[in-house]
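Asks: Each chain, written out:
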Amino acid sequence: MPDLSPAFEANLLHDLIAACQWVAALGLGLWVVCYFVRLRRLALQARDARTEERLTEAVLTLSVTPDPDPYAFDRLRRWEQAILLRVFMALVENTKGPDQQALINLMRRAGFLGRALKLLARGRPRDRQAACTLLSYFDHEAAVGALRTALRDRDPGVRLTAARALLQKDRIVSLHHLLTALRFPPDDPPIMMADVFDRMPASLHDEAIRLLAEPMPVEWKRMLAIALGRRQVLAAYDALAALRSAPEPRLRSAAWVALRELGDPRAGDLATEGLSDPVPDVRITAAQCAGALGGPETLARLVPLLADPDWWVRFQAATALYDAGPDGQRLLEQHCQAAPDDDVGRQVWRERTAEAGDAA
Amino acid sequence: MPPDDLRAFAVELARGLGWVVLGSALLQYAVYTVQTVLAFFELHRARRLERRANPGWMIGAKSVPGISLLVPAYNEELTIVENIRSLLTLRYPRYEIIVVNDGSKDGTARAVIEAFGLQPTVLRRPHPAPCKPIRGIYRHRDYPNLLFIDKENGGKSDALNAAMNYARHPLVCGVDADSLLDHNSLLQAARPFVDHPLRLVAVGGTIRIANGCEVHGGMVVREGAPRQLLPLFQVVEYLRAFLIARLAFSRMNTVSIISGAFGLFKRSAVLEVGGYTHGTVGEDMELIVKLHRHFREKRQPYDILFVPDPVCWTEAPESVAVLRRQRTRWQRGLCEVLWRHRDMLFNPRHGRIGALGLPMFVLFDLIGPFLDIIGLVTVPLFWWVGILNLEFMLAYFAVVALYGVFLSMMALVLAELALFNTTRKRDMLALLFAAVAENFGYRQLNIVWRIEGIWQFFRKQKGWGEMTRKGFGAKPAAAK
Numbered sequence: 001m002p003d004l005s006p007a008f009e010a011n012l013l014h015d016l017i018a019a020c021q022w023v024a025a026l027g028l029g030l031w032v033v034c035y036f037v038r039l040r041r042l043a044l045q046a047r048d049a050r051t052e053e054r055l056t057e058a059v060l061t062l063s064v065t066p067d068p069d070p071y072a073f074d075r076l077r078r079w080e081q082a083i084l085l086r087v088f089m090a091l092v093e094n095t096k097g098p099d100q101q102a103l104i105n106l107m108r109r110a111g112f113l114g115r116a117l118k119l120l121a122r123g124r125p126r127d128r129q130a131a132c133t134l135l136s137y138f139d140h141e142a143a144v145g146a147l148r149t150a151l152r153d154r155d156p157g158v159r160l161t162a163a164r165a166l167l168q169k170d171r172i173v174s175l176h177h178l179l180t181a182l183r184f185p186p187d188d189p190p191i192m193m194a195d196v197f198d199r200m201p202a203s204l205h206d207e208a209i210r211l212l213a214e215p216m217p218v219e220w221k222r223m224l225a226i227a228l229g230r231r232q233v234l235a236a237y238d239a240l241a242a243l244r245s246a247p248e249p250r251l252r253s254a255a256w257v258a259l260r261e262l263g264d265p266r267a268g269d270l271a272t273e274g275l276s277d278p279v280p281d282v283r284i285t286a287a288q289c290a291g292a293l294g295g296p297e298t299l300a301r302l303v304p305l306l307a308d309p310d311w312w313v314r315f316q317a318a319t320a321l322y323d324a325g326p327d328g329q330r331l332l333e334q335h336c337q338a339a340p341d342d343d344v345g346r347q348v349w350r351e352r353t354a355e356a357g358d359a360a
Numbered sequence: 361m362p363p364d365d366l367r368a369f370a371v372e373l374a375r376g377l378g379w380v381v382l383g384s385a386l387l388q389y390a391v392y393t394v395q396t397v398l399a400f401f402e403l404h405r406a407r408r409l410e411r412r413a414n415p416g417w418m419i420g421a422k423s424v425p426g427i428s429l430l431v432p433a434y435n436e437e438l439t440i441v442e443n444i445r446s447l448l449t450l451r452y453p454r455y456e457i458i459v460v461n462d463g464s465k466d467g468t469a470r471a472v473i474e475a476f477g478l479q480p481t482v483l484r485r486p487h488p489a490p491c492k493p494i495r496g497i498y499r500h501r502d503y504p505n506l507l508f509i510d511k512e513n514g515g516k517s518d519a520l521n522a523a524m525n526y527a528r529h530p531l532v533c534g535v536d537a538d539s540l541l542d543h544n545s546l547l548q549a550a551r552p553f554v555d556h557p558l559r560l561v562a563v564g565g566t567i568r569i570a571n572g573c574e575v576h577g578g579m580v581v582r583e584g585a586p587r588q589l590l591p592l593f594q595v596v597e598y599l600r601a602f603l604i605a606r607l608a609f610s611r612m613n614t615v616s617i618i619s620g621a622f623g624l625f626k627r628s629a630v631l632e633v634g635g636y637t638h639g640t641v642g643e644d645m646e647l648i649v650k651l652h653r654h655f656r657e658k659r660q661p662y663d664i665l666f667v668p669d670p671v672c673w674t675e676a677p678e679s680v681a682v683l684r685r686q687r688t689r690w691q692r693g694l695c696e697v698l699w700r701h702r703d704m705l706f707n708p709r710h711g712r713i714g715a716l717g718l719p720m721f722v723l724f725d726l727i728g729p730f731l732d733i734i735g736l737v738t739v740p741l742f743w744w745v746g747i748l749n750l751e752f753m754l755a756y757f758a759v760v761a762l763y764g765v766f767l768s769m770m771a772l773v774l775a776e777l778a779l780f781n782t783t784r785k786r787d788m789l790a791l792l793f794a795a796v797a798e799n800f801g802y803r804q805l806n807i808v809w810r811i812e813g814i815w816q817f818f819r820k821q822k823g824w825g826e827m828t829r830k831g832f833g834a835k836p837a838a839a840k
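Protein sequence lines correspond, in order, to chains A and B.
Numbering-wise (this note's numbering), the first sequence opens with residue 1 and increments by one.
Numbering-wise (this note's numbering), the second sequence opens with residue 361 and increments by one.
One or more of the hints may lead you astray.
To be verified - So the derived list for chain B, only partly shown, Cβ under 7 Å to chain A, looks like this: (1) S423; (2) R484; (3) V554; (4) H556; (5) L750; (6) E751; (7) M753; (8) L754; (9) F757; (10) V765; (11) M770; (12) V773.
What the hints contain is simulated information worked out from the structure, not anything from laboratory work.
Predicted model, so just to flag it, every value in this text is computed and none were measured.
Think of the CB as a built atom: it goes at the ideal place given N, C-alpha and C, for glycine as much as any other residue.
The whole structure should be built from the sequences, with the hints applied where relevant.
Replies: The structure is reproduced here in structure tokens:
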């Protein structure tokens, strides 16, 4: 218990009460400030939304005008210019074919290269991202140079948008350098990285195939392998096939996923190797690959998997057989005739035939 | 001891007790202040990340992980159909909805089956997460992403486990059937999984009170403050809990609870720990603590985060009786979890969660209510009998009430920065009133309910108790 003199105690308690009053008043004051700042922000957002609507209409009208005025947007104020760039970005991203081309032509004629370059150099992250997207529609070397510079931007979102723009323009010289510039963590890379690989142009395929054989973080290699499969880069067959014997199970599994996506029929027979892998996930992807690409003999090799110790392997093997078409379905039906009621193959057969009946 | 000495000793003891309760209140509020500062830092970090990449990019990407929404329903006849319709319109590239009727006694199953024209189907899956027998599984080809499971009653955990056994996607999201998700909530909640696909195990979002909001087609179309006093106080209380405490815990990497009303989990991780635990009323906190324990013991790096943007709206109790049942149940759930994992407390093997996360719950949610109630009773009593002077009593109540006002205001400030969209002055004045008024009576009532919850825990009382729900825009009805 504190041994306080009455005067000291009284002062302490008075100070405490005063401090609490001040703190409560401070809280109230802060809230009032924040409230009015938010009101102001909402008002600005409403103004921006109105401006965006007006500018969208103006841009769409100008894009269908045979001879549009290239100086039509010059009188806009600075904040309106930033909104205009975002309007162009949204319209160009959401249109296709001749409409998109008309917008791009309008952008080029109205001198948007300079505006986007200026915004990329000085704008906020959101505006820099918009500028990167717009610059991808300009073939000028200044645009490519600015995008390359943006790969070193301090904001990862801007770096990623610049990378996407350069990939779209097919102006990335080296995939290795791109990955270094993006600075994604090697142990837990974002899934955005898979999106980058999915946009890889043909000019980078050879390097990507080479990278598969070189030392690289497992997750990066996994994403790269699946992207090569999805993009159906047939030249990657050997590299992907080599990955099937990688020591890391995630890579072996990715190899079968990629080979299935690749669609090369040779992978069907090859997949039988993966059916005896000690890791269930690898057996599952190998079964899916064998079911999708294998001939009758390969499909027959899937039948023993219907007695696999892992439930999901049995399930996926049965599903792969059913999805393989009449040959696989015949094998599955034969298996079901002798199988007990709780057999997974039999369950899948019932499930799928019931679904097929529903659909019919 | 002579009577005078005894009296003097008693007076000194009483004065000492007065200083102890004042000191504990000051300590408690000092910790809350630190949490508030951390919450501001965390919010700033979340905002910076949000500005980097708009989650909209995920809409067109092939590599985004799919989400299975697990919706346990027990006697939700009034709201279930509207809520499923709302869930079907969420903005996310790949997701499915698994609704589990947990042996409802009302027409929940019939309502869903009839509303969506569902047909029985055959689906058998292994049950790595234990659950009660399934009576039937239903789906319709027009709603390929909707699966309805009718099972025997086994409680919320059991229903969530059943749903998880049928989930197809790598991420699962537990959603209460009486809650509404914001249109973009899945995109916002999934973004951390896209940024950290390997380390991240669970993400929690903000729960907000829907009373007073305008709801159309299962969506909150206009924010508003509740008209009734109790839900209004709960708005401020929820903001304080989510925007101060959880953001601060997230900053310290010690998130120990993700609300059962809305949380996104890696399915494989939940199955690794055996799914939701049966026989507990605090199944949400139990799961998070189990995940911490599992990954700590495996020495595997992991993260459990709270992000403020994804919002789930829920209906707050409007009567004292229902609120009391809810709060005592929450407290029982907390006690159960802390008792079950008592070996993690102050255990260096469990890192920050053992050293900081769980002990904070013990100090502020188990011991704190007793100190609060002792202070609230003894300080006025000692002043009345002349042991403590008026300044002391005023100082105590200034700390308890005015500092409470400050914290509530800070929660409103954080909400201004992170959540609020309403501009109606009437709503803001109502919230301002609630931020002040809830410190004079409502919080003290909560302290009593907490102690009652602890008492119920020691008496081994089980069960969820009756909850009354009006439904969003419907007439009142009772549900269990």
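Asks: Could you run down the list of hints and mark each one as holding or not?
Replies: Comparing the hints with the structure gives:
Hint on B:S423 holds. Least Cβ distance to chain A is approximately 4 Å, under the 7 Å limit. This hint holds: B:R484 has a C-beta 5 Å from the nearest C-beta of chain A, less than the 7 Å allowed. Annotation: B:V554 was flagged as interfacial toward chain A, and the flag holds, the nearest CB pair being 4 Å apart, inside 7 Å. About 5 Å separates the beta-carbon of B:H556 from the nearest beta-carbon of chain A, less than 7 Å, and the hint is met.
The criterion of a C-beta within 7 Å of any C-beta in chain A is not met by B:L750, whose closest approach is roughly 9 Å, and the hint is violated. Proximity of B:E751 to chain A holds as hinted, the smallest CB-CB distance being about 4 Å (cut-off 7 Å). With its C-beta approaching chain A no nearer than about 9 Å, B:M753 sits outside the 7 Å limit, and its interface hint is violated. Below 7 Å, beta-carbon pairs count as interface contacts, and B:L754 has one with chain A at about 6 Å; its hint therefore holds.
Hint status for B:F757 relative to chain A: violated, with the closest Cβ pair at about 9 Å, above 7 Å. The restraint placing B:V765 at the interface with chain A holds, with a minimum CB-CB distance near 4 Å, inside the 7 Å limit. Interface hint status for B:M770: upheld, as the beta-carbon distance to the closest one in chain A is roughly 6 Å, under 7 Å. Interface hint status for B:V773: upheld, as the beta-carbon distance to the closest one in chain A is roughly 5 Å, under 7 Å.
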